[in-house]
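Chains as they are written, first to last, in our numbering: chain Y, 3 to 539; chain V, 3 to 539.
Please note: incorrect hints may appear among the correct ones.
Just so you know, same-sequence chains aren't split out, so a pair can sit in one copy or run between any two.
[As the list claims (entries may be wrong)] When the alpha-carbon atoms are kept at most 30 Å apart in a straight line, the in silico BS3-like pairs for lysine-lysine are as follows:
| hint | residue 1 | residue 2 |
| --- | --- | --- |
| 1 | K114 | K531 |
| 2 | K129 | K63 |
| 3 | K241 | K500 |
| 4 | K395 | K463 |
| 5 | K467 | K371 |
| 6 | K433 | K532 |
| 7 | K395 | K366 |
| 8 | K114 | K532 |
| 9 | K471 | K493 |
| 10 | K366 | K500 |
| 11 | K18 | K63 |
| 12 | K371 | K463 |
| 13 | K531 | K471 |
| 14 | K114 | K493 |
| 15 | K532 | K371 |
| 16 | K531 | K463 |
| 17 | K366 | K18 |
FYI, nobody ran anything at the bench for these hints, they're computed from the structure.
So the chains spell out like this:
2 protein chains.
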Amino acid sequence: MSQGNKNARPEARLAKGFRDIEAAELGGLNEMLAKIREVYERYGFEALETPAIEYTDALGKFLPDQDRPNEGVFSFQDESDSGEGGQWMSLRYDLTAPLARYVAQNFQTLPKPFRRYAFGNVYRNEKPGPGRFRQFMQFDADTVGADSVAADAEMCMLAADTLEALGVDRTNFVIKVSSRKMLDGYREALGLVGEEHNNTWLTVMRGLDKFDRLGREQVELLLGPGRRDESGDYTPGAKLDAQSIKRLGQLLTLRLHVAVQAGVTGPVFNPLINTGQKSENTVRRTLTSTIASIMRDHVEEFHGRDVREIRVLEEGLRELEEMGALIAAAGYDDGRIIIDPSVVRGLEYYTGPVFEAELTFEVKGDDGKPVRFGSVGGGGRYDDLVARFTGQKVPATGFSIGVSRLQAALSLINAKKTQALGPVVVLVMDKAEVARYQQMTQSLRHAGIRAEMYLGSSGMKAQMKYADKRNSPCAIIQGSDERALAQVTIKDLIEGAKAAAAIKDNKEWKEARPAQFSVSEASLVEEVKKLIARHQG
Amino acid sequence: MSQGNKNARPEARLAKGFRDIEAAELGGLNEMLAKIREVYERYGFEALETPAIEYTDALGKFLPDQDRPNEGVFSFQDESDSGEGGQWMSLRYDLTAPLARYVAQNFQTLPKPFRRYAFGNVYRNEKPGPGRFRQFMQFDADTVGADSVAADAEMCMLAADTLEALGVDRTNFVIKVSSRKMLDGYREALGLVGEEHNNTWLTVMRGLDKFDRLGREQVELLLGPGRRDESGDYTPGAKLDAQSIKRLGQLLTLRLHVAVQAGVTGPVFNPLINTGQKSENTVRRTLTSTIASIMRDHVEEFHGRDVREIRVLEEGLRELEEMGALIAAAGYDDGRIIIDPSVVRGLEYYTGPVFEAELTFEVKGDDGKPVRFGSVGGGGRYDDLVARFTGQKVPATGFSIGVSRLQAALSLINAKKTQALGPVVVLVMDKAEVARYQQMTQSLRHAGIRAEMYLGSSGMKAQMKYADKRNSPCAIIQGSDERALAQVTIKDLIEGAKAAAAIKDNKEWKEARPAQFSVSEASLVEEVKKLIARHQG
Numbered sequence: 003m004s005q006g007n008k009n010a011r012p013e014a015r016l017a018k019g020f021r022d023i024e025a026a027e028l029g030g031l032n033e034m035l036a037k038i039r040e041v042y043e044r045y046g047f048e049a050l051e052t053p054a055i056e057y058t059d060a061l062g063k064f065l066p067d068q069d070r071p072n073e074g075v076f077s078f079q080d081e082s083d084s085g086e087g088g089q090w091m092s093l094r095y096d097l098t099a100p101l102a103r104y105v106a107q108n109f110q111t112l113p114k115p116f117r118r119y120a121f122g123n124v125y126r127n128e129k130p131g132p133g134r135f136r137q138f139m140q141f142d143a144d145t146v147g148a149d150s151v152a153a154d155a156e157m158c159m160l161a162a163d164t165l166e167a168l169g170v171d172r173t174n175f176v177i178k179v180s181s182r183k184m185l186d187g188y189r190e191a192l193g194l195v196g197e198e199h200n201n202t203w204l205t206v207m208r209g210l211d212k213f214d215r216l217g218r219e220q221v222e223l224l225l226g227p228g229r230r231d232e233s234g235d236y237t238p239g240a241k242l243d244a245q246s247i248k249r250l251g252q253l254l255t256l257r258l259h260v261a262v263q264a265g266v267t268g269p270v271f272n273p274l275i276n277t278g279q280k281s282e283n284t285v286r287r288t289l290t291s292t293i294a295s296i297m298r299d300h301v302e303e304f305h306g307r308d309v310r311e312i313r314v315l316e317e318g319l320r321e322l323e324e325m326g327a328l329i330a331a332a333g334y335d336d337g338r339i340i341i342d343p344s345v346v347r348g349l350e351y352y353t354g355p356v357f358e359a360e361l362t363f364e365v366k367g368d369d370g371k372p373v374r375f376g377s378v379g380g381g382g383r384y385d386d387l388v389a390r391f392t393g394q395k396v397p398a399t400g401f402s403i404g405v406s407r408l409q410a411a412l413s414l415i416n417a418k419k420t421q422a423l424g425p426v427v428v429l430v431m432d433k434a435e436v437a438r439y440q441q442m443t444q445s446l447r448h449a450g451i452r453a454e455m456y457l458g459s460s461g462m463k464a465q466m467k468y469a470d471k472r473n474s475p476c477a478i479i480q481g482s483d484e485r486a487l488a489q490v491t492i493k494d495l496i497e498g499a500k501a502a503a504a505i506k507d508n509k510e511w512k513e514a515r516p517a518q519f520s521v522s523e524a525s526l527v528e529e530v531k532k533l534i535a536r537h538q539g
Numbered sequence: 003m004s005q006g007n008k009n010a011r012p013e014a015r016l017a018k019g020f021r022d023i024e025a026a027e028l029g030g031l032n033e034m035l036a037k038i039r040e041v042y043e044r045y046g047f048e049a050l051e052t053p054a055i056e057y058t059d060a061l062g063k064f065l066p067d068q069d070r071p072n073e074g075v076f077s078f079q080d081e082s083d084s085g086e087g088g089q090w091m092s093l094r095y096d097l098t099a100p101l102a103r104y105v106a107q108n109f110q111t112l113p114k115p116f117r118r119y120a121f122g123n124v125y126r127n128e129k130p131g132p133g134r135f136r137q138f139m140q141f142d143a144d145t146v147g148a149d150s151v152a153a154d155a156e157m158c159m160l161a162a163d164t165l166e167a168l169g170v171d172r173t174n175f176v177i178k179v180s181s182r183k184m185l186d187g188y189r190e191a192l193g194l195v196g197e198e199h200n201n202t203w204l205t206v207m208r209g210l211d212k213f214d215r216l217g218r219e220q221v222e223l224l225l226g227p228g229r230r231d232e233s234g235d236y237t238p239g240a241k242l243d244a245q246s247i248k249r250l251g252q253l254l255t256l257r258l259h260v261a262v263q264a265g266v267t268g269p270v271f272n273p274l275i276n277t278g279q280k281s282e283n284t285v286r287r288t289l290t291s292t293i294a295s296i297m298r299d300h301v302e303e304f305h306g307r308d309v310r311e312i313r314v315l316e317e318g319l320r321e322l323e324e325m326g327a328l329i330a331a332a333g334y335d336d337g338r339i340i341i342d343p344s345v346v347r348g349l350e351y352y353t354g355p356v357f358e359a360e361l362t363f364e365v366k367g368d369d370g371k372p373v374r375f376g377s378v379g380g381g382g383r384y385d386d387l388v389a390r391f392t393g394q395k396v397p398a399t400g401f402s403i404g405v406s407r408l409q410a411a412l413s414l415i416n417a418k419k420t421q422a423l424g425p426v427v428v429l430v431m432d433k434a435e436v437a438r439y440q441q442m443t444q445s446l447r448h449a450g451i452r453a454e455m456y457l458g459s460s461g462m463k464a465q466m467k468y469a470d471k472r473n474s475p476c477a478i479i480q481g482s483d484e485r486a487l488a489q490v491t492i493k494d495l496i497e498g499a500k501a502a503a504a505i506k507d508n509k510e511w512k513e514a515r516p517a518q519f520s521v522s523e524a525s526l527v528e529e530v531k532k533l534i535a536r537h538q539g
């Protein structure tokens, strides 16, 4: 590793694709994490923290959209092992692969099912872009050792409850559910099974996954000849025939189709269309009793075959039917959780139900037009991840929140909070008296008040500016005159700012709420407490 | 990167030197982090989170005890940059080097001084050992842009207040303070200035740093001919002459020496000797007014020179004198914070006062003999770190807690808490009724009760065992008979365990506190709430 000329100064710069998170954002993040944790624990999940570094072979490679074999993860060789040729290690790219390692390693002693939650940063060695970082936080819950779709349905309810706990209104989100088996069935029906079709199928999956963003027409280009975007970049297509493209395209809009056929366009099927022409109960009944049969009809129409001939497709439909029943029984079929076969999910390891948590309110898109905020998390069933290690199948399902993206959404939803108050700043008027100022500061702190003595070397004006920059409620001032009287001056910076903002000098108001007043040293703590209470109330 | 045979099963194993942290430990960790954060914020520090990955040149190399040039940090090349020859990136090895990068990068817009706290995992590419991990958490506070020793004194008070807030009694910890300038002065006095002496001096520093663990006699071997430990391993020495060794050895015990000369052996000087033969005020006065002059005498005696000739030594003494005065004025000179010239601190970047937070209670050492628990954190002044980037000197000081080590200590101090209650488990007695069980589970959750439906596929006995393993307060049971009556059975697992543990069948007690009872479905939530309140009270 070369660090260049040892005497040259390095440039102070963030590594590309990484970011610093500052106090205001961190405050919101911590509140948010605490609320998510509260819901996850209420659901019976237990905390687990695995390290950020794992052996590369233990993580496996399940990242979507990787063209180069080594792309996607940050990897390095462990030199402590044997000098040269040590084992390869990687930074985790998600929290699921390390969970599979943990479960396989501790299988004998774990309760079964094993239900854990985890949050932490994950790392992707990808080309960074706007809003796309190489380190980001995920917050996951997983149930390992449960093959019942009740476990999948529960994940969807967890997702819905979490979003509500975070203050997202029911009309502003939807959890969409499908099954990877539906897609596997289509693959079979389209005659694309077999390793020689892997690349074609991967291209198909990537294309389908872009439905939300691009719409059906553009996706059909990606399934066929390829697509040139507005910037002129060309993405090669899967080169399917017209018939196959049509069938897959119909799959994407099957949810709407089902809704129309059932005579409902209520929130269960499309939260964007909320006409209320059917009663809530009808909508629920429709979801739980007819969705599978309607889908069956359509699938048969598309493929010209009895669905039951394609076992995996039949399984997928039955899973969705069962999940629908559980969702309805728990009352989440009011538009919070819907069945939508257009859900794909990028990760390769999914084997059954997949879900996507989407925020449905609109924001301004890159082109200035309104677009739905979109996905803030998702998950699904991955029955083969533990078997990678043990050979023994351990069914598992999980849900993962993209924390930064969700936080960005919440900051749009929640009215901007007033900025938190900073610390009280004790000014240093006389350097020989630092011990005295320090004592005042400590007495404020010991009373539970955020406080600090000014520690720089600048004069009074700069100190006041510093206190303003920290959003201090007040500055504490003691010059030699005040010291002689055992007094301190409290300068109320919030009232002061208001007074400064007032157009004319309102003498009366100033007298009623003086921005500066003197008190005895002994009553400093009490007076500052009162002042802060005034500004927080 | 080779992953070996693609079909071979990987072994499920943690990477060497890393660990998983499970729910019980994480619970304690979160409580602890919240308390530390509370104190740091009270001191006016603001949160900041920098990424785990930085450019290698921006981090610099300041790790102690590294023999090979690339040892210490995990590094890899950024392939996204330009394919081959991308920039080197490293995982952060502490939180201070990234802070320096952040401050240099954002200098214009930051309040000055800039006071931030940060916590997070850091990574060391070292040979792991027992209790020595390659990923561990630090919790730091730093003041950047303050050259007054008041900032250093405040760090020591912060450390003391933090330990107290975490429940460590004043008699069980001490914050020890020295100055790197003292050592620099000794280096000069011993004629070891100049690059040709760098290696010798590094060996001296490493030796001195082992005083707490090995004692003066063994350290003197490391300063001289070298030392063979009990296992037979040989560590080469600095090969100093006998006179130099004696002088440095005396430095290590200067604190005790000062105390004796001042006629006090009270807690300010040695918290292990608390005879109280002088009044508290005398002890304070001694610290603040005579420590520097006593040290001066001794230093002169050792070196045969006027201390003032060695400017850096004089500065170091003056710093300690000023800090002592501030510490005494704030009342922390009751043994919580003491001056102790034996403090060295491993990191290379320190330039002034250095501090070490030590827990003084005894634990059983490796050899079975009692030893002090030792360091749980430390810090110091590093005035040159920001200047690495900007060329402009930005004085800074900080304190860092070794979170895992402190948590280990707290678990020794605090009486073992009763294990937290797990979730209520709703049993699945009849698979056709899963929707009903799920509904019960959701009703408990919506009432704020931790609950889950059993999601495995095993029978009743295994389900009860699962509930026990999760430390559930109760299991909820509804078979077909109860369903017909719209009832549920609540099985109190805590009373049940007590009953099972009772030697003889105490009929009366069982009737008073039945371990199993039936209630109506409608009153399930209310009854479970009562049961949990009973066990928590």
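### Message
Treating 30 Å as the Cα threshold, decide for K467 and K371: within, between, both or neither.
### Response
For K467 and K371, neither the intra-copy (42 Å) nor the inter-copy (56 Å) Cα distance is at most 30 Å.
#### Entry: Status of K532 relative to K114 across identical chains (alpha carbons, at most 30 Å)
between (54 Å within a copy, 28 Å between copies)
### Message
Cα distance capped at 30 Å. Does K433 pair with K532 within a copy, between copies, both, or neither?
### Response
within (28 Å within a copy, 61 Å between copies)
### Task
Since the copies are identical, ignore which copy is meant and state whether K366 and K18 lie within 30 Å (CA to CA) inside a copy, between copies, both or neither.
within (26 Å within a copy, 48 Å between copies)
### Task
First find the shortest C-alpha distance between K241 and K500 inside one copy, then the shortest across copies, and answer within, between, both or neither for a cut-off of 30 Å.
Neither way: K241 and K500 sit 66 Å apart in one copy and 69 Å across, limit 30 Å.
### Status of K463 relative to K371 across identical chains (alpha carbons, at most 30 Å)
neither (47 Å within a copy, 58 Å between copies)
#### Entry: Within, between, both or neither, where K114 and K531 count as close if Cα-Cα is 30 Å or less
between (52 Å within a copy, 26 Å between copies)
### Message
With identical chains, the pair K395 and K366 could be close in the same copy or across copies; at 30 Å between alpha carbons, which is it: within, between, both, or neither?
### Response
For K395 and K366, neither the intra-copy (45 Å) nor the inter-copy (45 Å) Cα distance is at most 30 Å.
### Task
Can you give me the call for K114 and K493, within, between, both or neither, at a CA distance of at most 30 Å?
between (61 Å within a copy, 20 Å between copies)
### Copy assignment of K471 with K493, given that the CA separation must stay at most 30 Å
Classified as within; 15 Å inside a copy, 59 Å across copies.
#### Entry: Within, between, both or neither: K531, K463 at alpha-carbon 30 Å
Classified as within: same-chain Cα gap 25 Å, cross-chain 59 Å, threshold 30 Å.
### Query
Can you tell me if K129 and K63 fall within 30 Å by alpha carbon in one copy, between copies, both or neither?
Both. Shortest intra-copy (18 Å) and inter-copy (27 Å) distances satisfy the 30 Å Cα cut-off.
Consistency note: the structure conflicts with the earlier hints numbered 3, 5, 7, 10, 12, 15.
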